[in-house]
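> Residue numbers (this note's numbering), protein chains in the order written: chain E, 73 to 745; chain B, 102 to 315; chain D, 645 to 947; chain F, 31 to 527.
No lab work stands behind these hints, which were simulated from the structure alone.
Here a beta-carbon is modelled for each residue, glycine too, at the ideal position from N, C-alpha and C.
Treat the hints loosely; a few may be bogus.
To be verified - Some, not all, of what chain E presents toward chain F, calculated at C-beta under 8 Å:
{"hint": "1", "residue": "Ile132"}
{"hint": "2", "residue": "Pro136"}
{"hint": "3", "residue": "Asp689"}
{"hint": "4", "residue": "Leu714"}
{"hint": "5", "residue": "Leu718"}
{"hint": "6", "residue": "Tyr720"}
Claimed, not checked - Within a straight-line C-alpha distance of at most 30 Å, the following computed DSS-like cross-link-like pairs (lysine-lysine) qualify:
{"hint": "7", "chain 1": "D", "residue 1": "Lys694", "chain 2": "D", "residue 2": "Lys670"}
{"hint": "8", "chain 1": "F", "residue 1": "Lys336", "chain 2": "E", "residue 2": "Lys700"}
{"hint": "9", "chain 1": "B", "residue 1": "Lys314", "chain 2": "E", "residue 2": "Lys700"}
{"hint": "10", "chain 1": "E", "residue 1": "Lys619", "chain 2": "D", "residue 2": "Lys694"}
{"hint": "11", "chain 1": "E", "residue 1": "Lys702", "chain 2": "F", "residue 2": "Lys336"}
{"hint": "12", "chain 1": "E", "residue 1": "Lys624", "chain 2": "D", "residue 2": "Lys694"}
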Amino acid sequence: MIFIWIAFLLATVSGLPGLFASRRANWPQIVSCALMCLTALTGLAGVIFIFIFGSQQSVICPSPIIGANFTMKLDPLAAFFLVPVFLIGASGAIYDLGYWRPARHTRSGPWLRLFYGILIAAMGLIVTAGDGITFLFGWELMGLSAFGAISVEHQRWKVRQAGWLFLVASHISMMVLIAMFLLFHQAAGSFALNPLSSAALHPRLSTAIFVLALIGFGIKAGVMPFHFWLPDAHAGAPSHVSAILSGVLLKMGVYGLIRVLMLLPAPPASWGVLILILGAINAVFGVAFALGQHEIKRLLAYHSIENIGIILMALGLAILGIAAKHPDWFILGMAACLLHVWNHALFKSLLFYSAGAVISKTHTGLIDRLGGLGKTMPYTAGAFLLGALAICGLPPLNGFISEWLLYMGLFRTAGPGQPAFYAAAALAAPALGLAGTLAVACFVKAYGTIFLGLPRAQDPESRLAPGPGDPARSMLIPMGILALTCVAIGLFPAAALLVVARAISPINHYGAIAALNQYVSVSALGVMTLVLALSLVAGWLVGEWLKNRAVKRRVGTWDCGYAKPSSRMQYTATSLADGLVGLLGWLLRPHKSSQRPRGAFPAPARFSSHVDEVVLDRVLVPLWVFAKNKLSVLKTFQQGSLQMYLLYILLALLILLLTLSPWGELPQWLLAH
Amino acid sequence: MSTSILSALLVLVLLLNLFALGTSRIRSLIQIAALQGVLLGVMPLLLHGRLYLIGVLIAVGTILIKGMLIPKILINALRDARIKREVEPLIGLLPSMLLGAAGVAASMIIAALAPKAVGESSTLIIPVSFATLTTGFLLLTTRRKTLTLATGYLLLENGIFIFGLLLLQAMPFLVETGVLLDLFVGIFVIGIILQHINLTLDSLDTRRLSSLKD
Amino acid sequence: MLNVFIHICFLILLPPLLPGVINRVKAVLAGRKGPPLLQLYFDLARLLRKQMVLSSATTWVFRSGPMLGLVAVLLAGLLIPFGPFAAPISFTGDLILFVALLGLARFFTAAAALDAGSSFEGMGAARELTFACLAEPAVFLALLALARFSGVLSLTNMLLAPLAAGPLAHAAAPLVLVAAGLLIVLLAENCRMPVDDPNTHLELTMIHEVMVLDHSGPLLGVILYGAAVKLFVFSVLIGQVVLPVHTPWPALDWLIFAGRMIALAVVVGVVESVMARLQMRHVPILLTAACLLCGFGFILMLR
Amino acid sequence: MVLVLIFIPLFFAGVAAVTGSNRFRPWLLPPAALGHFAASMLLLARPDPWPITNWLLIDPPGRLVLLAFTTLFLICAFYCTGYLRLRSDRPNRVFCVCMLIFPAAATLVICSANFGLMWLAVDASTLSTAPLIFFNRTAQSLEATWKYLIICSVGIALALLGTFFLAYSSLQPVEPSTQPVLATTMSANPHSAIPSMLMNDLVNQARNRTLSIPWLKAAFVLLLIGYGTKMGLVPMHTWKPDVYGEAPGVVGALLAGGLTSCAFLMLLRVARICAAAGITRFADSLLVLMGLLSMAVAGAFLVDQKDFKRMLAYSSVEHMGILAIGLGVGGVAVYGALLHVINNALTKGVLFLCAGNIHRAYGGKTTATVRGVLRRLPVSGAFFLLGFFAITGAPPFGPFISQLTILTGVINGGRYLVAALFLLFLLLVFFGMGRTVQSMLLGRPPAATRHTAFHDGPLTTLPIVAALGVVLLLGLYIPGPLREMLLQAAAYVGGGS
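So here's chain E without its partners, still in its complex pose (with noise of 0.2 Å):
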């Protein structure tokens, strides 16, 4: 417990030296990253020892809100969170050491870091939190201090719409979430997040809960159709700190709701049912809107929507299993859901680190301008390509290992003998290969775009060319080391298979660790795994072999006999993902402009396609425009006329006076309920 204190301490004072240094100064940046390091030290060690001898708890001081206090509470589930809080923190501190450089980041770099070290604190309050109170601080906290990070560039439009579109989609949850608190503390008579009676407790309070609750968390994990902010946030902020938003922060969502949902007594099988269908769907939707980007860091946003979905998937089955008293589809919906939260910190991370690696060096973002950085960023590529790998569930890495216990758990469900009801539910599966494949898609697209091929600037002398080599070495280190959690967690999955159990035991009624291997025999798998690795190895090595050996001559590439290929005749990402956006175009709505060469001396032709966020620019917007304009009518009462005032004043009166007849009791009645 002492431990995590002092992390969060460390975390939050992190930042401050900064603000009292001069700005040019390197050494509050380093100064930062250290503390920041000492932070997931000493935090990981806590973690440890929570894992070791389990749950603690603790009442910090009285809260201001009358016979309630500020508790916090240590089970496995919560250090589970804590350990990605803790590792993309203090990776995403040494990433900052070259990618925010005081010289270029003169002014923003001082805040970047107070808002960064706020934020890993309020994150761990949140996930240590052991009433509504705290847990509602830290979830504000936590808001103001990403809203601040997401918007250190505020000189730029782009970045100040970011971060207001992310206040107000945090402020709505923030609201969403005090009314379930305050139903909660109404059924519960306290806010302290204890297990409610299913006696104390009304369906329908209890049902109230569960939307609300969905809704809140739901709003903060990106959930569709709640997800308007979270492209623009993504895209706006630093690398780093986007990955922590999508890495760290949307799984706080994802916390909540798990937390809720177990103290809720006897969730109905709906409910499972509906996370499920919530799940497929933010599955296919958001890799399938992520294929119609052109910016990276856009692109991997959608895809945080997609393995939020999958998350949310593994939830919904967990849920079903309870409901349906179904341990095996419990603990398989479970352990998928936890591990998928680490992996999908992980690779997600990993893939923004080097995207930013490649937007330093190279100054833009959009895949259609870049190529062939392969050649000259050889580990970034490395790195993109692992992080590619792990999030399409491929095998041997660690994005496969939880997307196959949540197949397993999905195709349990319709084992024989299962109703057809849960049987159904099993149509989750095919769902999620879809995604699966479509994520493929999409990263060949990113990655070969980005990194294979030619570069596809006019001239080599442009910004655009490719840069200098691969970015300085503090921001290789993060990535290798993320990579190399992938790897790991891939070839060995029973080990992380074990601190999952673990972490499922406070809120699991069947025990766990035996379970899990009695279903599924993860080992096999880790063999498996392993020797899919070795004999990867062994393929590319006979690559290598055949091109010392094999290779006659080297030539350009065959050009089907054009006179002067340029490199940016080179398939683009735009026409790659064209016919699948074509596929999807009742869904994504994408912008064509094309323009076709038409006779015998044709004018320079062009197409591009452009797919935009529909949620926001299709609903939200135009509503709050209605909105807006509905509401400015009012304002013609405020036209400075005073006589018009005391004319307000003197209907006000009478209408008042009004409810003093008989007939002014209906108001009162309407009020009183």
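Place chains B, D and F on chain E using the hints.
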């Protein structure tokens, strides 16, 4: 006997209200207000058969302030302001008179409905006070000149003062004089502001005073 | 043990035979003589002896892609049972690994294609990926149906279950639907008619062939071989579903198995020669049909 | 003691009136404020050592408001010296004098137990603030002052009528012959049967059900309208945006934090009588109605509000609505409302003082000219942002706690609809304010405003820091004594039951 005189005075006040609504000249409007002030000053004396200290003092104070000082301020403001002497109602004079009459009727009905406390001297007090109140509000909402607004406020206060007669004993000396004083200071400050308005905007027309809006 | 050995031998040696059979059938139906049955073996032998020409645009992805693809497909081949004999590798959940391996192969093939930086190969990669997205759900639905039918989650037991149940099992009808769906998937995944014409020479209309334009020599050989193995693996999958026969004599079983493979090749050949190639924009409809077939198969199992 | 409290500012006001030096005069404010603060602390610490009459008693809610007011006045006083130093071009005699009379009047409101006296004090406070608003001597400030005077005077007049109704409702049948006698000895025996304006008499009579209910209801309506006008409840709020928009920031702070709290205190006292008389439901539903209306209208006007001082005005309207709802809902919500009085006062102080600085630096108060404040005035900008988050109910600041407590009361009262609307309007307010604040603070400051005279100085920023510090503290921890006071006050109003 005193009760009947009181009632007579109250009726007089009622008539003055209608005049106030009907007159088209600011000066006469102010004078009407002043006259009302004087009448109001007399009433406390009549309220109970005999004289006693509070009554006399209040009477004198009222007559002094409501009847003389305040009208003086307003008249001065009117003299300094280089403006037309018409009241410029937002709605015609006749409609406002009709509205006033309606107000009187309504006050009568309301007063009739309202439960009375025993030992009330004149049954006219409540309706007349309500009617005066309504008149004040009418002047406030339907006149354009700042001065007429001030006068309307004065009538409003008069109405309240009349109601105050009902609980003369309840309102100790301090409160009563305080009320008067406040009224006086209020009008005084309003007068100052009026002068400033006059200096800066060179008019007392509220149309010039509606620049602040959303 | 012996069976495992035979399994591996079949997996390595048999695949190049199928294209030969298919081509021969097509030739016969077209009234031509056609290339020898073992043509692909000869081609491979020649290609492996050749040297290769590399584009200066390429990186290691271009060179290793085909190898990695081949490795993945071979491993997938080790996961499915041949005939009545259990697969060398079998554990609960290997069916997911099976699908994932095919995905891995696809990833590297497409990446390798993009590495050459030619628009044709980009085109091919785009089509490959697009159609795969439609084929994948069909495979999963088929697996669901089989899981529902067999109640186990390892390919071996799953695919031996129809065997146990016998050809006239109660669930025969759904299985036929599933098999039909899988056949379409096979045609699409292995770029046969009516989805793609392996013998065409117009780059703009090709899918698989156009992805490998720049590969030459041993690499091309590896690619051709990998494609053959993929075809083989798919055929095994279907064969296990449609013709569950087995005898007490293992040797006979192996013969039956080989025969079944060849029969399937013949079927494919016939399909190829009787059907014309679809327009690219009609392919998705065909694949959706495959999804529906497998889906119905699963739904029918639900009752 | 209470008299001392009232006379400290008055004394300094006298000194200020006779002081000749324009530069020295502002320095009279801090000692006055310190004295007032110290005296108030003494008064709050122990029961009044020298009570004079039963007219000047300070009741538990009064204690809270006194605490909030004197703290705010202290902060504003220090800020004011810095502010007036910047405005040394203007004669500040009247300003200083009124600046010192106003607290005396407000203190009288807080400390008096007689409705008549309270009314006098409220009116005095109105009149004493008018010259403060007029400080800038521009046409706009003139118009604002004018509207303020007329609207508030009318409101106050109605309040007076309401007070009369209240007294009249306590008029009981007695023999006419005995009236004069009693009249002379009235203040001697507060429990007389003749009309009384003393808080305790009225409450006692209400308890023995000897108040005439219809007149009491009418009185409540009139007082609600009257003091609601001072509070700025919709639709009597119309003076607020103009006045807060035109008055100097520090005056806005005193009005929004101090005057409105006093007006709310009046409503609270009336509500107590209603509760005692058992017409709680009537009073409560009206309060909740007005409160929701205020929140809704404020929210609507806050949406794309270009002028940040008017924005603060509407936010003040919204918070008056919150107070009204808290009072109306009763139960633990009253506790929340009383806490919110303090939080709102201090947070509004922060916001208005920062707004004053920003206005000084940019010479404009619309988002057209005011951009990139965080660059131009780092301290004021940052604290304006924090104040914005605080006032919109974000933890870890005090208003979050008070609003949450009020909401708890609403939910426990089973009024889900009210709770939903409450949250909805809070959201609307956040959108409206947030957009303006964001476009003010972020981005690059216009070149023209980079090098204007004003910069953050100690006197103009430290008071802000202090105020926000208190707000933050109240969000994290409520000292025992304060909690005691709050509980007592809530029980006093009848919130406890």
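> For every hint, state whether the structure bears it out.
Okay, the hints, checked on the actual structure:
1. Ile132: violated (10 Å)
2. Pro136: Check passed: Cβ of Pro136/E comes within 4 Å of chain F, closer than 8 Å.
3. Asp689: violated (18 Å)
4. Leu714: holds (6 Å)
5. Leu718: holds (6 Å)
6. Tyr720: holds (4 Å)
7. Lys694/D x Lys670/D: Roughly 29 Å between the alpha carbons, so the hint for Lys694/D and Lys670/D holds.
8. Lys336/F x Lys700/E: holds (14 Å)
9. Lys314/B x Lys700/E: holds (18 Å)
10. Lys619/E x Lys694/D: Measuring from Cα to Cα gives roughly 13 Å; hence the hint holds.
11. Lys702/E x Lys336/F: holds (17 Å)
12. Lys624/E x Lys694/D: holds (9 Å)
In this structure, the hints that do not hold are numbers 1, 3, in rising order.
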